[in-house]
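Here the protein sequences come in this chain order: A and B. If you read the first sequence in my numbering, its first letter stands for residue 1, the second for the next number, and so on. If you read the second sequence in my numbering, its first letter stands for residue 1, the second for the next number, and so on.
The set of hints was computed from the structure by calculation and includes no laboratory data. A virtual CB, placed ideally from N, CA and C, is assigned to each residue, including glycine. Hints may be right or wrong, so weigh each one.
Unchecked claim - Under 8 Å between C-beta atoms, here's a sample of chain B residues computed to sit facing chain A: (1) G12; (2) V13; (3) S17; (4) H21; (5) A143; (6) A145; (7) N159; (8) Q163; (9) Y171; (10) T172; (11) A196; (12) L199; (13) S202; (14) W216; (15) P258.
There are 2 protein chains.
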Amino acid sequence: MGKQTIGFIGTGVMGFSMAGHLLTAGYPLNVLNRTREKAEPLVERGAAWFDAPGSLAEASDIVITIVGYPNDVEAAYLSDGGIIDSIRPGATAIEMTTSSPALAVRIAQRGAAKGVAVLDAPVSGGDRGGREATLSIMCGGDAEAFDRVLPILEVMGKNIQLQGPAGAGQYTKMCNQIAIAAGMLGVCEAMVYARAAGLDPSHVLDSIETGAAGSWSLSNLAPRALAGDFAPGFKVKHLVKDLEIAVESAQEMGLNLPGLDKAIELYRMLESDGEGESGTQALLKLYEQGRVV
Amino acid sequence: MGKQTIGFIGTGVMGFSMAGHLLTAGYPLNVLNRTREKAEPLVERGAAWFDAPGSLAEASDIVITIVGYPNDVEAAYLSDGGIIDSIRPGATAIEMTTSSPALAVRIAQRGAAKGVAVLDAPVSGGDRGGREATLSIMCGGDAEAFDRVLPILEVMGKNIQLQGPAGAGQYTKMCNQIAIAAGMLGVCEAMVYARAAGLDPSHVLDSIETGAAGSWSLSNLAPRALAGDFAPGFKVKHLVKDLEIAVESAQEMGLNLPGLDKAIELYRMLESDGEGESGTQALLKLYEQGRVV
């Protein structure tokens with residue numbers, strides 16, 4: 001039996017690398033992307049181009065999506081003639097966009113009604129994790145479906161965990177973003193304090209990054225911000241989107257998360273400044289401009 | 001020429017280990033501690049007991065202090081008949097308490113006026129770092145004095161950095177505590193969100209601790225808090241003391257640090273709850289009790 005045909009929707013920075021790994025691993029691939037040119041190199045490597053989510057889903061055993069915003073996810077899956085309408089019973093869908101947990105549950109229920117398992121499986125690890133196939137993949141959904149598609153997930157990532165039923169992958173990704181958000185306040189506050197105290201903040205990092213203050217953000221983002229390098233590893237506008245989902249779901253649960261609230265307030269301010277395409281380390285600018293209250 | 005005689009004031013959890021390493025390294029040791037019994041094992045190993053900072057300083061080439069609060073530091077150094085009054089010109093003092101940068105500058109000036117270099121050199125790394133002599137030591141003060149005492153600092157720590165003039169060690173330690181403080185908000189908010197979402201927070205850690213959300217606190221403190229283990233690695237009351245110093249100095253610099261402000265508010269609430277002796281991971285309790293606003 002040949003390998004299952006995978007339909008892949010969304011060949012942006014992350015999706016392009018992930019789809020490429022699937023081709024390399026020998027999976028027949030159907031592709032679709034809003035901007036066709038970005039998918040061209042995959043088509044040249046043998047992927048079949050499709051013009052609509054529905055026709056792509058019809059022609060695939062497994063459908064993978066990694067698109068932009070929850071609205072895009074909803075349109076791809078739930079619109080008339082979309083994935084759920086068109087996908088074959090017995091097929092499986094893997095929704096890898098960072099998106100709303102409630103939407104993930106809704107899509108999984110719609111899928112289940114026609115015998116299609118839909119897993120939510122957002123990733124972390126950034127463009128580098130995508131290129132090197134070292135992504136962390138946080139999954140929610142049916143355990144049997146998870147086991148079936150695990151070999152495919154293993155082509156794209158490394159730390160792959162089933163966290164619970166539908167929505168659990170998205171909830172886990174939100175935990176990730178919440179920890180990052182307030183953590184960035186700490187990183188920026190330490191750095192702006194260092195500068196105001198007349199210290200060399202880069203040298204301060206030598207003292208503090210190896211101990212109890214240590215974090216991925218402190219070691220990876222603080223040095224870039226201090227060097228005036230605001231090129232995106234992860235973009236401000238994408239963090240704002242993620243934190244909006246986190247805030248909304250936290251409100252639904254009746255949780256007060258003041259660190260998250262302050263972080264989204266500041267990142268929205270940064271986006272209004274035209275920094276949406278900058279890396280999240282640009283938060284340091286607001287502190288240095290004395291605009292944080 | 002024999003080794004210099006070191007006078008060591010403050011043989012609490014940290015100081016006891018540090019003084020022990022100096023004895024092991026062969027330094028003649030004079031000791032003083034508020035509670036004499038805690039210093040007894042050092043006296044049994046050959047340290048000489050002194051009843052007052054002044055008489056200890058008089059009998060020592062190097063004076064090291066690691067006491068409780070800025071008030072204790074001020075009393076030891078600046079009171080009549082204290083260290084500065086009694087220490088021999090040409091001697092060096094190393095003040096290792098986490099204390100106020102402004103006080104460190106004041107003591108260094110008083111020392112300089114009588115030909116005594118006083119370094120501020122607070123540490124991080126906790127009781128374990130103390131026991132294993134792997135402390136990070138953040139120093140401020142005269143560079144020549146730093147070079148002179150470096151062999152002594154190397155007996156107690158590993159990552160030893162001169163960060164600038166008097167006060168720079170304390171300012172660096174404050175950067176460390178500021179990064180930790182807001183970081184703990186992120187850790188606790190991620191964990192309480194995970195529980196509220198019906199996830200297993202420990203399993204969530206498997207997904208998120210190795211990526212961009214990763215931090216020392218997430219890997220070391222979150223698992224303890226989730227297991228209901230609130231034994232202190234670092235005590236709430238000590239973090240409150242440190243954050244009060246950070247807030248005061250940030251205000252002097254005209255900085256707004258909302259992550260720090262929220263953290264000290266919550267840690268003070270925790271201390272009022274009688275949790276001063278608990279480890280800093282006890283912050284999770286406030287979130288779980290729904291008392292964070």
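Going down the list of hints, with the structure as the test:
Hint on G12/B is violated. Least Cβ distance to chain A is approximately 18 Å, over the 8 Å limit. With its C-beta approaching chain A no nearer than about 15 Å, V13/B sits outside the 8 Å limit, and its interface hint is violated. Below 8 Å, beta-carbon pairs count as interface contacts, and S17/B has none with chain A, the closest being about 16 Å; its hint is therefore violated. Hint status for H21/B: violated, given a least beta-carbon distance of 18 Å to chain A, over 8 Å.
Violation of the interface hint for A143/B is found here, the shortest Cβ-Cβ separation to chain A being roughly 14 Å, above the 8 Å cut-off. Among the interface hints, the one on A145/B is violated; its C-beta lies about 18 Å from the nearest C-beta in chain A, farther than the 8 Å criterion. Satisfaction of the interface hint for N159/B is found here, the shortest Cβ-Cβ separation to chain A being roughly 6 Å, below the 8 Å cut-off. A least Cβ separation of about 6 Å between Q163/B and chain A falls short of the 8 Å threshold, and the interface hint therefore holds.
The interface hint given for Y171/B holds, since its Cβ lies 4 Å from the closest Cβ of chain A, which is under the 8 Å cut-off. Because the smallest distance between the Cβ of T172/B and any Cβ of chain A comes to about 5 Å, under 8 Å, the interface hint for this residue holds. About 4 Å separates the beta-carbon of A196/B from the nearest beta-carbon of chain A, less than 8 Å, and the hint is met. A least Cβ separation of about 6 Å between L199/B and chain A falls short of the 8 Å threshold, and the interface hint therefore holds.
A least Cβ separation of about 11 Å between S202/B and chain A goes past the 8 Å threshold, and the interface hint is therefore violated. Checking W216/B against chain A: minimum C-beta separation of about 4 Å stays under 8 Å; hint holds. A hinted interface residue such as P258/B counts as satisfied when its beta carbon comes closer than 8 Å to some beta carbon of chain A; here the least separation is about 5 Å, so the hint holds.
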